[in-house]
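Student: Residues 722 to 1218 (the numbering used here) are what the sequence shown spells out, left to right.
No lab work stands behind these hints, which were simulated from the structure alone. Note that this is a predicted model, so its numbers are computed, not measured. Glycine included, C-beta positions come from ideal geometry on N, C-alpha and C. Hints should not be assumed to be uniformly reliable.
[As the list claims (entries may be wrong)] Restraint ranges, calculated between C-beta atoms of paired labels, are given here:
1) Gln786 to Lys972: 54 to 60 Å
2) Gln786 to Glu1100: 49 to 55 Å
3) His804 to Arg938: 38 to 44 Å
[To be verified] Here are the simulated lysine-lysine pairs, BS3-like style, with alpha carbons at most 30 Å apart:
4) Lys970 to Lys1024
5) Lys853 to Lys887
6) Lys1162 to Lys853
7) Lys958 to Lys972
8) Lys784 to Lys1161
9) Lys1174 to Lys1162
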Amino acid sequence: MKRLIDIVLLTFLTCFILNWRMSNTDRPPDISIGCSAYASNGYDDLISGRDIILPNYSTVPKKGQTIIEQTTGVPITRMTDIHDPTIDQPGLIIVYSRYTPLNTTGQYLLVHGEDSTSSWVYRVDDYAVIDKLRLNDTESIGEVNEIRWDYSGLHPTRVYFVADMKLYAMDVLNQDKTRSVIHDFSKDFPDGVQILNDVEGDSSADSRYWAFMVRGRYNGKEFPILRIITYDVESDKILGILKPSDVGKTKSLPRPNMVEISPKGTRVITHYGRCWAENRPEDIGTPLDGPHAWTLDFKNPVKIAVDETHSGWSFDMAGNEMFVSQNNRTDYTEARNIYTGETISIIAHQDMGWGNGFHYGKFYTSMNPGWIFISTYAETNDEWANNQLFMVEMKPANENPRVLRITPTYNTYDGDYRDEAAAALSFDGTQIFWTANWGKKLENGQREVFRTKLFKQDVDCIFDWIVREYPAYFQPSTAATTWSGGDLVFRYFSNSL
């Protein structure tokens, strides 16, 4: 009887916390929206190994058509078509691997034109174009406007974007009536002309905290970086300002590759390049030498990578935020704890093949810890990792981390940047979207957006994740009443849902 009461109370508490997450703005920052079937130890349904998996181009899919990858078994769906209404671009892309193109409910997909100034929203269910996104009646917005979905769960059809010195919000289903300025930073920095994260950065995983560079007026050689700032949307306050004088500079800061906020909103990341004798030697050993993670008020910088290389995000098994990057001095893909700098060297470039370039995806929450996601591009298919999507276990290379295979990218790369097939995870990590030219066999040899799904929907994972993230809520009174949330409660109730 006591066990039954425990189950009922535990279920009630779980529902209460999930409801609180969706309705309370003062919420824990890392509870995910929706639920998908993450195995507690990773993506266990995927095949593993380092065999060469070649694409099968015998079927050229139309928009909305799904094929099953012949080796790995995952479904691949073509999501877009350049011939759709209002599309005026020679190709459609997702732009980059470090932010999701899918909204948190999975209903709407953001795609971009190749001109960097146009974008469209597709409805996922029927692959219909909903609208072209606009700043006003005459100007569209695109990659350069750094469009990001709202991740809070409170506004699933809202996007954020920047233009000049302003941060905007807008509902994609009702653009003209909802487009509004959240904050005009020209009032704070009258000498600035633009705010930007530089395309590749992102907000915290609840869309609350943001990082921007403040760019000044053209001085004859460049647009100088006057400040780097952090901003809290909820309180409408600037939380931190990094000034040139804070790091031994006078008029301006060196320009980082990008700035961003860590997924949990605990740190701001400045992606500075490596310093050496011929590149800013005066900054060697300072926080301007390589990417650093700072508190949001720009204190306590921790070096988290050697250089401004391609990078992404994941979580270790303890839920710590881990910065994933290519170490171009050791030629390893590594993950670093952003609080301590502790490093895991995971997989060698040589292991994947020297001809590969790679991008890293972003996991938004710790629901699926212990994995990194990689997409690759290469001019041949001679190595197992050439032109592939795969996961690698977050373990040191000498412990033989598992490699879980997802699919070939179905993409031909011959050096064009837009053909790098960068792939991005959905917010919940169960879907992957990428740009591919399908071996240049599509109708016009163009680029389109494709998707694969990794798992079916399930409710088990939310409870397992909450128990791990918030153990204080679920401490049993005695050892005899220990439980695994998913095993004891949701796996019972999910059978009848």
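Student: List in ascending order the numbers of the hints, as given earlier, that are violated by the structure.
Tutor: As far as the earlier hints go, only 2 is violated by this structure.
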